[in-house]
Amino acid sequence: MITTDILIIGAGPTGLFAVFEAGLLKLKCHLIDALPQIGGQCSEIYPKKPIYDIPGFPEILAGELTDNLMEQCRQFQPGFTLGERAETMEKQADGTFIVTTNKGTKHQAPVVAIAGGLGSFEPRKPPISNISNFEDHGVEYIIKDPEIYRDKNIVIAGGGDSALDWSIFLSKIASKVTLIHRRNEFRGALDSVEKVQELKNKGLVNLVTPAEVTSILGHNHVTGVTVKKSSDSDEEFNLMCDHFIPLFGLSPKLGPIANWGLNIEKNAIKVNNSLDYQTNIPGVFAIGDVNTYPGKLKLILCGFHEATLMCQAAYRIINPGKKYVLKYTTVSGINGFDGTRKEAPKAVVKKIE
Amino acid sequence: MDQDVNITILDRNGVSHNIDAPTDMAMNLMEVIRSYELAPEGTIGTCGGMAMCASCQCYILSNHDLPSKQDEEEAMLSEAFYVKENSRLGCQIQINPEMEGLKIEIAPES
Chain A
39 MITTDILIIG AGPTGLFAVF EAGLLKLKCH LIDALPQIGG QCSEIYPKKP IYDIPGFPEI
99 LAGELTDNLM EQCRQFQPGF TLGERAETME KQADGTFIVT TNKGTKHQAP VVAIAGGLGS
159 FEPRKPPISN ISNFEDHGVE YIIKDPEIYR DKNIVIAGGG DSALDWSIFL SKIASKVTLI
219 HRRNEFRGAL DSVEKVQELK NKGLVNLVTP AEVTSILGHN HVTGVTVKKS SDSDEEFNLM
279 CDHFIPLFGL SPKLGPIANW GLNIEKNAIK VNNSLDYQTN IPGVFAIGDV NTYPGKLKLI
339 LCGFHEATLM CQAAYRIINP GKKYVLKYTT VSGINGFDGT RKEAPKAVVK KIE
Chain B
53 MDQDVNITIL DRNGVSHNID APTDMAMNLM EVIRSYELAP EGTIGTCGGM AMCASCQCYI
113 LSNHDLPSKQ DEEEAMLSEA FYVKENSRLG CQIQINPEME GLKIEIAPES
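Sequence order for the protein chains is A and B. Numbers in the numbering used here are just positions in the first sequence, counted from 1, shifted up by 38. Numbers in the numbering used here are just positions in the second sequence, counted from 1, shifted up by 52.
No lab work stands behind these hints, which were simulated from the structure alone. Don't take every hint at face value.
[Said to hold, decoys possible] Simulated crosslink set (DSSO-like; lysine-lysine; CA at most 27 angstroms straight-line): (1) Lys121/B / Lys304/A; (2) Lys136/B / Lys267/A; (3) Lys86/A / Lys66/A; (4) Lys136/B / Lys291/A; (5) Lys308/A / Lys66/A; (6) Lys129/A / Lys64/A; (7) Lys86/A / Lys121/B.
Hey, can you work out the whole structure from these sequences and the hints?
Shown next, in the form of structure tokens:
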């Protein structure tokens, strides 16, 4: 059991800034995120794109903002459960909450802050009618353990970075790799595209373009796929394989949070915006893009504000009746949980003779 | 109101909406759909309009001469689902006065 003061669901910019604000109040945080890395949409969708409306930054790349936020909260030693999706939340008799992930990891805290953005990122599944029959029986949307593809005949579909990168990687261990894409052009890092071109020339990757997979063959397990060439003739043919890996990127879905008993409106969690961004369940807050209230704006800067007010309310729940006054970091400095201290340099008092 | 164009949008349930879209607010088709809430929040414009998610895919039903696709839109549509000949990403279509009478259908969610 992982225990903490504030359990934050979602390690995007809002969740990361909440760690900093909580740290100023000597509250410790642990974050859960379905993605294997921190940053949320900023790292998954647009790390190399600039943002122009972060106060104090005329221009900053989304990836840089993530790095900065991590650096800013580092001394408060947040814990992370990454690559796992928060599945259930159960209120305990003592008022705390236990949140369990899809992999069974349990977390306990008196305050839960949902900073889940648009939800957890799930693989986009191609609309092939019989595909669901083969999930985990030769169809995988995410590659968890590349070893299962050793000496196997693999078909990958997709035209982005992950399709290219996995084709390159699996060409070393699989007996055969076929990459299928609807166009001849691929959108990915230039060196990945060039590498696949090189592997194709050497006969190590079988490239089928422009084409798409239209159905899956097999009874209990994938034995092949039907491929439709999108040329003039529209010819269809069967391609034998042991695994079919469609890699069409990820899209966010609100997911299991929708079943936690929270008031949901327009795919977002209703909160009390006049006070502290608490949900209808006392002790559970929703901050950032995942919440909604009259006048809500889905902006990172609004998430920062909401995180700050949430932390004040969390302090009062965790330390009932305890006095507190707002402190300015410039005046008080920052005492890290790791023993570090940041503070403004003292003024020099020296006589001029 | 003379700056508005009249657009017909078929939502994902097949319901037709006749709406006015401003041409002077630098709005794109995805934003127009969101502003009229013709598709639930969270199911359209996921990436914010960067041609990176295809959640705003539309089918163009009228014969308007729209600005042609840029590489990013072309690439995203090549990875999207339910793509047809007349597919476009709403976020890449800026509303302008030539779009008076435009008729589109919002593609299924994927």
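Outcome of the hint check:
For the suggested pair Lys121/B and Lys304/A, the alpha carbons sit about 31 angstroms apart, so the restraint of at most 27 angstroms is broken. Taking the CA atoms of Lys136/B and Lys267/A, the gap is near 15 angstroms; set against the 27 angstroms cutoff, the hint holds. A distance of roughly 31 angstroms separates the Cα atoms of Lys86/A and Lys66/A; the hinted pair therefore is violated under the 27 angstroms criterion. Proximity of Lys136/B to Lys291/A is assessed by CA-CA distance (about 25 angstroms); at most 27 angstroms being required, the pair is judged to hold.
Between Lys308/A and Lys66/A, the direct Cα distance comes to roughly 25 angstroms. Compliance with the 27 angstroms bound is thereby established for this hinted pair. A distance of roughly 24 angstroms separates the Cα atoms of Lys129/A and Lys64/A; the hinted pair therefore holds under the 27 angstroms criterion. At most 27 angstroms may separate the alpha-carbon atoms for a hinted pair to count; Lys86/A and Lys121/B meet this at roughly 22 angstroms.
Figure legend: structure checked against the earlier numbered hints; hints not met, in rising order: 1, 3.
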